[in-house]
Amino acid sequence: MSDTTQTSTQAPLQPQHGPQEPASRTASRTTPQSSPQHPRLLPLPTRIRRAMSGSWAMLVATLILLATVIIGLIPAFNSQALKQDIVLGAVPAGTDGHVWGTDALGRDVLMLTIAGARTAIAGPVVIAVGAMAIGLVFGLLAAYTGGWVDWLISRVVELMLSLPTLLLAIVLAGLIGGGYWVNVLVFMLLYAPYEIRLVRSAALSHLHDPFLDAARLLELSPVRILARHVFPVIRPVVGAAMFLDMSNALVSLSSLSFLGLGISPQAADWGRQLSDARDQLFNNPMTAIAPGIAIIVVSVAMNIVGDWITARADRGER
Amino acid sequence: MKVAKFIGRRLLNLVILLFVLSLVTFGLLYLTNSDPARTLAGAKKVSAAQLAEIRHQYHLDEPLWKQYAIWLGNAIHGDFGTSIRTQLPVAQMIGQRAWVTLTLALMAIAIALLIGLPLGVVAAKRHGTWRDGLITALAVVGVSAPSFSVGLLLLYVFAVKLGWFPVYGLGDGSFADAVPHLLLPAITLAVGLFAAVIKVSRASLLEQVESDYTLFAQSRGVSRGTITRWQLRNAALPIMTSSGLLIASLISGTVVVETTFSLGGLGTLLQESVTFKDIPVVQAVTLLLATVICVTTAIIDALYTLVDPRLRPSGGHRGSADAPASKEGEA
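As they're listed, the protein sequences go chains A and B. Position 220, counted from 1, in the first sequence is what numbering that gives the first Met the number 0 calls 219; the numbers after and before it change by one each time, with no gaps. Position 102, counted from 1, in the second sequence is what numbering that gives the first Met the number 0 calls 101; the numbers after and before it change by one each time, with no gaps.
These aren't lab readings, by the way, just hints derived from the structure by calculation. Be careful, since some hints might not be right.
[What the hints assert, rightly or not] Covered stretches of chain B (chain A as the covering partner; in silico rule of three or more C-beta atoms under 8 Å from a C-beta of chain A):
hint	region
1	14-25
2	147-157
3	253-261
4	264-275
5	279-291
Quick reminder that beta carbons are idealized off the backbone N, C-alpha and C, glycines included.
Start from the sequences, fold in the hints, and give me the full structure.
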């Protein structure tokens, strides 16, 4: 358990490396696999239905995420939402033409919140994918090479994990002041050590499995072994971590926008909206409620999907 | 002997960490502008002669390593120079505001433990029931909801709609008036924390609930209260240390929460200074907060290993930090 305490030190407070419930583990060991057939051989609808069974929270979460992604992909919303009407100013919800009212610049809160889906999804996805890419490269390198390479990578990772992530991100991203994508880059680099450690230990636990010995005996190239034989085994762990990372990244990125660092004042972004909403609580509370709920819902949805994949990955281990 | 070696190792790690931290903080001066003298001059127009004077005053004409040494020497003595924005000594600005952040943090962690522990205990004792499900769901929402959106929603409901709490700011400046003003921010900050406390306390207590000694005690007819007491004692250590390790998210969280509620603490100071590129203040606050985080985390982490006899360093093993993560610990 000592490893668990080590890991829970820094800002992303996610169950990713948190303590496990022993219940699920013992249960999975005693109950036999429901179907002897290999899951890959089943038709896709059956696989999806089986995967979703008994988890309506997961279903809702997936639908929310899908909806957010699709909305974020439609460019028409963005141009619509940014139309200002300074003369109108902030009007409360229900004013004609504006279901949720407008913000201080006279922008429609509903449209603005819908348009905010783009930055809410794009940044976190890039952060999660980028951090995991770095994590895979260095984590697999450390696990497979061992020796001084492993030692060096592990020490650097340990050091970076001890640094306070959010605090440094606020200071670094704020002082660089390069906008949204610089913030994304800063978080990608700050999240990478978590992934390196995750990938390294996941790979290490399989490194002496017979199937890898067989692959080595066949004298396959290290890159091929890692890509075709090690990666598929650790893929569930990687997938779970990426969703939990996205949830973290959404919260962290919008924290920066909320603090007024990075994103331009005109852009449609939930964190930015909330920051402006601080002065509008009396005029039009929807300016705070709409993006506030949106962030919470999407972040929780990402977390639920991540937790669910983690639980499945744990069961798959056996 | 083993213990001394263990403490020595941890101390060395901490020193290296603080060294890197100071390097990063020092480097902030060079992050904004290739000419730090211009950064230090602030927004006003300066002549070449004035720039040269600033360069001399801040030892910017010295080699880089010497600049760092001078800066670190001053920083250790609490001298971070003067603020570009207010022209006040940085140490004075920090001194005036530190109590706000400290009070807020202490209130938040007290609330988080007060709410999180009982809920975690209930969830573990009644695991698998609807109560467990509800509490776990609450924890998931609490962990993923960003504090500023929670804060604004609370602000709207309890301050604007119901009028139970003051809206923004710190009141008339006295401590007695500040505490009610800090209550809503502390609750906001506690939301993220108590979710984490629930997760940890539920997980560690669940281990005890499912243990053999619990089953044995139950079958021998030991009273439920007594069993709970034993379980709590066994689970207490991981709960307490994990809660202590929340310090990092607590302190980073104050920056956001203070800004949400317009409290004049170190968090808002950092946010304003970052926006104004007031480097000396940014350096000082960053170094202060990060040092507090790193030192407390290191102490708690070491204490945990030393206090728990099962983890105490013994022969043959390398420090627990180096032990390869087991399958169970990861994923």
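Each hint tested on the structure:
With a cut-off of 8 Å between beta carbons, the region 14-25 of chain B has 5 residues touching chain A; three or more are needed, and the interface restraint holds. Restraint check on the region 147-157 of chain B versus chain A: 7 residues with Cβ-Cβ distances below 8 Å, three needed, restraint holds. Using a Cβ-Cβ cut-off of 8 Å, 5 residues of the region 253-261 of chain B lie near chain A, which meets the minimum of three, so the contact claim holds. Coverage of the region 264-275 of chain B by chain A holds [criterion: at least 3 residues with CB-CB distance below 8 Å; count 4].
Given as covered by chain A, the region 279-291 of chain B passes the check, having 4 residues with a CB less than 8 Å from a CB of that chain where 3 are the minimum.
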